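Asker: Protein chains in written order, with the working numbering: chain X, 1 to 99; chain S, 100 to 758; chain H, 759 to 1260.
Calculated directly from the structure, the hints in this document are not laboratory data. Keep in mind that this is a model prediction, so the values were computed, not measured. Some clues are possibly wrong.
Said to hold, decoys possible - Some, not all, of what chain S presents toward chain X, calculated at C-beta under 7 angstroms:
no.	residue
1	123
2	735
3	736
4	737
5	738
6	741
7	742
Glycine included, every Cβ here is placed at the ideal spot set by N, Cα and C.
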Amino acid sequence: MPLVYYLGLSAFMFTIGILAVVLRRNPLVVFMGLELMFNAANLAFVAFAAFHKVLDGEIFVFFVITTAAAEVAIGLALIVAIFRTKHSIDLDQMSQLKG
Amino acid sequence: MHMEVMTVTEPLFRLAPGVVFLPVVGILLNLFLGERWNEKVVGWIASLATVGAFGVAVALAVGLTRHPEGAVVPLLTWIHIGDFRVDWVFRVDTLSVVMMLVVAGVGALIHIYSIGYMHEDVRHQGDPRRFRRFFVFLNLFIAAMMILVSANNFLMLFVGWEGVGLCSYLLIGFWFEKGAGGIGNALAAKKAFVVNRIGDFGLLIALFLIFANFGTLDFEAVFRQAPQLAQVAPGILTAITLFMLLGVTGKSAQIPLYVWLPDAMAGPTPVSALIHAATMVTAGVYLVARSQALYIEVPLAQSTVTWVGGLTALLAATIALGQYDIKRVLAYSTISQLGFMVAAVGMGAAVAGMFHLVTHAFFKALLFLSAGSVILGMERGHESGHHHQVEIDVQDMRFMGGLRQRMPVTFWVYLIGALALAGVAPLAGFFSKDEILAAASAKFPAVFGLLLFSALLTALYMGRQLALVFFGEPRSEAAEKATESAPIVTVPLIVLAVLSVLGGLINLPGSYALEHWLEHTLHTVEAIPFQVSIAASSLAVALAGLGLAWWLYGRRPLPSPRETDPLARVLDGVYHALERKWWVDEIYHALVVRPYHGLAHVLAQVVDLGFIDGIVNGIGYVARRLALWWRQWQNGYVRSYALSIVVGVVLIVAYLLLR
Amino acid sequence: MILGINGLIGLIALPLVGFVILLFIPSEAKKALRWVALLTSLATFVVALGVLAQFQVGNPNLQMVVRQPWVRIGDVTIEFYLGVDGLSLLMVLLTAFLTPIAILSTWSAVEERVKGFMLFFLLLESGMLGVFLALDLVLFYIFWEFTLVPMIFLIGVWGGERRVYAAVKFFLFTMVGSVLMLLGILYLGLQTRTFAWDALLQQRGVFAAAQLWLFLAFGLAFAIKVPMFPLHTWLPDAHVEAPTAGSVILAGVLLKMGAYGFLRFNLPLFPQATLQLAPWMAGLAVVGILYGAAVAYAQQDVKKLVAYSSVSHLGFVMLGTFALTAQGLAGAVLQMVNHGLSTGALFLIVGMLYERRHTRQMSAFGGIWKIMPVLGALSLVVTLSSLGLPGLNGFVGELTILLGAFRSTVLGSPWFAGVATVGVILAAVYLLTMFEKVFLGPVRHEENRTLPDLNAREVLTLVPILVLIFWIGLYPQPFLNLINPSAEQLVALVQSVALAAH
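The shape of chain X in the complex, shown without the other chains (with noise of 0.2 angstroms):
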């Protein structure tokens, strides 16, 4: 399969994550955004990586799998914090970063 193709769905996860993350007020919702925006770059990495015929893409991989298991334990966890004092996990009831 060219590589197009693998590009193609990449950028199609990518958006789809954006949306997600810009359009959803459900924080799980949008950690899943952000996830399909890690795995859309994930599977360009790897795609390159074959095309390239390199390790230096799965390797990357590796670090960012990593980086975002890290991050979706913070970030669960401070949604739990937030779900605690709060009582909502609605994204829009915490706008009190405002100038």
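Using the hints, position chains S and H against chain X.
Answerer: Quick look at chains S and H alone, frame taken from chain X:
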């Protein structure tokens, strides 16, 4: 210090700084040690300091008989920057020593008188602790006045000039919690200082002009170069003399700046006698006499000064007719007599001016001190009377009357002073006034007319005052119960009365002692021949004025304080104008004081807070509005931040791809 | 050298030593804090006197120079460069003289957070001395901004009701000017590859073309600090809100930094622009003299009145500076000292009244001389000094300034001085009005009857100032001897450019 070596020929001249330093010693002693001393010690220390200064002045005069050319006695470099240099240097010459003798002589008598006067006054006013302060101020005045007259340059003269102004301020406001509305005295003091400052402004400008054009402020050097400048730039010399005149009108209470002097009567009576009659106010006369070398080069300035003097003499004499306060009459009389002196020095008759200055110092100090004795007598009568709760003005002549029998010594000395002032021969005032009139008739006939008429009015208002105060029947219980003052008050009066009788001797026609004395300093002196016709007319108007006063006030004495003044019946509406002092104070208030007050408030409220600070706060406001607008972008929604990040990334990528 | 250390370094370092000592004293030990601060500032004053003793009178050049390379950026070296000459020596002495007095005045006035107050005060002293001693532009700028910080906190923490507004206003005004000055400094550094004052002086030709802009950039910073009309509106607010000691230092020293800046940098470095703009600056100065005096007259608050009087007095300083004559310049430097003394004393007096009555409205007083004779007498002298009575210090400064301006060829007209002389009348009007409303007249308020007169400490804060007031008034020559050589050299420097131009 780089003092050029000057040889002082006469050892006595080395004493010159003493005229300033002895009073300063008096100040320091009383200021730092006087708290523990009783009134007698304080008073006598101050008096002795002044007597000492008088002694020094006498010694200097003795020295001058041997070395009439005088000397300058250097003390210290004062200010020296680049080509500007002014020193503390004492000038001993015949003119300055005449002034020193008058200041210290009359000053010493008034110091001694004050020991008695202030003893009563501080108790009457209810703050005995201020006795010491009075004598400190009085000594300060003597020191400042001595600096003024012993200066060898215009700047040192200016130091004394403003120094005596300060003392005037302090002493007018001596009872600063008294007067109309409790603040009257303080306001009078402020008025005196500010009006004098307007005059000082003129003197300062004159000083700058002198330095800018002569390169020095030393008398000798300036006067030496004056004829040269008159050739090259007569306009500048005119400016110098006229600005100087502004200073003179301030200090010597001439039109247009005389308005402070009548209010200055708020000060204790010895102050009125010493500062506001005998010495300080004559400083302007002294300045013009000292600067004769400048004035004779500028005929315009000479005639201006003469006219100012003549008009002031007349205006003040008219106002004096309409006053009821015993001291205010004398105050306007002082202004009028200063007008005579200023006119004299203006027309170049400096000796006549100085002569009148000296005799006036004697008889006007006498009149004021006697008036003080009258006031004390009235106060004693008021306090011993049954109705002393009823507030009456013990200085108002309408409440007096019949004091001749009750205060005989005061009456006789007052009579002598009044006759001397009126110009009755052979008292002191006759000779000096006659000399001025003679000079005027020769040079300024119109001013001669003004002065002669003023002389008539002088005799009239003094006659009126004598009649109201001493003759007729007492018109209040205070006058009824008035008693004669103690010897410490009356003895100086008697001394001054003797001087007022004999003062004419110093420049009697024929001997012209003062003229020959001053000749050494005032090189431009022209002899004014004694004219029988002038003397006769001057004596005639004096007697006419007194006669008129007797006809109006003496024949039928004022029966009660409420009665209309007999002169008012004759003059009607004009008399009202005199009583109101021609509304000059009101006019000044409307033209100067109120506009400045308004301007200051407009500047403070509208311009400063409104406009300038408005711009500042406006910039702050705009910045704030902009920030408020921009901060709407920070709406707190995480997703919108994410969106803006995406938009930003897209834009950057697009730029990188498309460039 | 004093104890083997250059006196100038000692001057800057000593307050910092005191600062460190204060850090180790617990906040509750107020007495110890006060004494340590006072003794530190007194020791600094002694060092300043030592500097005076070593100063060669008659030498117009910089003396006791300390010069070390400090920071190197590329080929540009920022130097640690200190020195003192006739223009700065009196400012240094004034600073070191007023600081202990100001600290002594806080003895009972500052009860809250004494430690912080004293810490800031010593920092401030060190910074101010640095400003007057620094000869490298970057070093100067650092000290210049360094003084800002403690002053803001002194106003903003220990100030009156609107202290935050006043502190922010003060900060922003100063910053606006400083930023432009920083740009000017950077430009100079980039053009000449040096920030050192004497090196810049020699390379004036390099930046001659940009003189006008540089003058304006530096001038704005200095003019705001002076403050010159119409940049003065921060001053009344800052003064009204500042604690007494802050006002004393603000009026006494901080304002002088602006005037000193003109003398040290604008005049010698940008002489052409100076000559060109002198009539404008002098014109603004004259407007400031009259305007400040008129507005002062309209005030009800004593402190505001004194603040506006500063605008008027500093107008004289600027007039003398831009007269560019020996008399004008020397008079300006002397008048800076005079203003520091008399206005400092006036603020002390206002503070003493405020401590007793907790108001500064003149209508709340009246007849105070009767109740507090010592304060009345001392205030009288200070008031008279401020209105320029001959025989007291203010007169000597004003007279020489006016005399210098009157025949200044640079200004080319006696009108500047002539109109400014009207300020002498107006000064008498507002100062005597103030004296009358506060000290004269009857006692109008019952609560004033029991006010205690000055205690020994308060008298002690005023007496040294009074001694100098009389000394400078009667015998100013020792002071002028310090100023004259440097002032004359500066005039010659600027005038030589004028001659070269013709």
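Asker: Return the status of the interface hint for residue 735 of chain S: holds when the least beta-carbon distance to chain X is below 7 angstroms, violated otherwise.
Answerer: 3 angstroms, holds
Asker: How about residue 738 of chain S: closest beta carbon in chain X under 7 angstroms, or not?
Answerer: Given a least distance of 5 angstroms, the restraint on residue 738 of chain S holds.
Asker: Hey, does the residue 123 of chain S contact hint survive, CB to chain X under 7 angstroms?
Answerer: Status violated, d = 70 angstroms.
Asker: Residue 737 of chain S was flagged as interface toward chain X. Is the shortest Cβ-Cβ separation under 7 angstroms?
Answerer: With Cβ-Cβ at 6 angstroms, under 7 angstroms, it holds.
Asker: Mind checking the CB of residue 736 of chain S against every CB in chain X and telling me if the closest is under 7 angstroms?
Answerer: 5 angstroms, holds
Asker: Would the hint on residue 742 of chain S stand, with a C-beta cut-off of 7 angstroms toward chain X?
Answerer: With Cβ-Cβ at 5 angstroms, under 7 angstroms, it holds.
Asker: Holds or violated: the hint that residue 741 of chain S contacts chain X, with Cβ atoms closer than 7 angstroms.
Answerer: 5 angstroms, holds
Consistency with the previously given hints fails for number 1 only.
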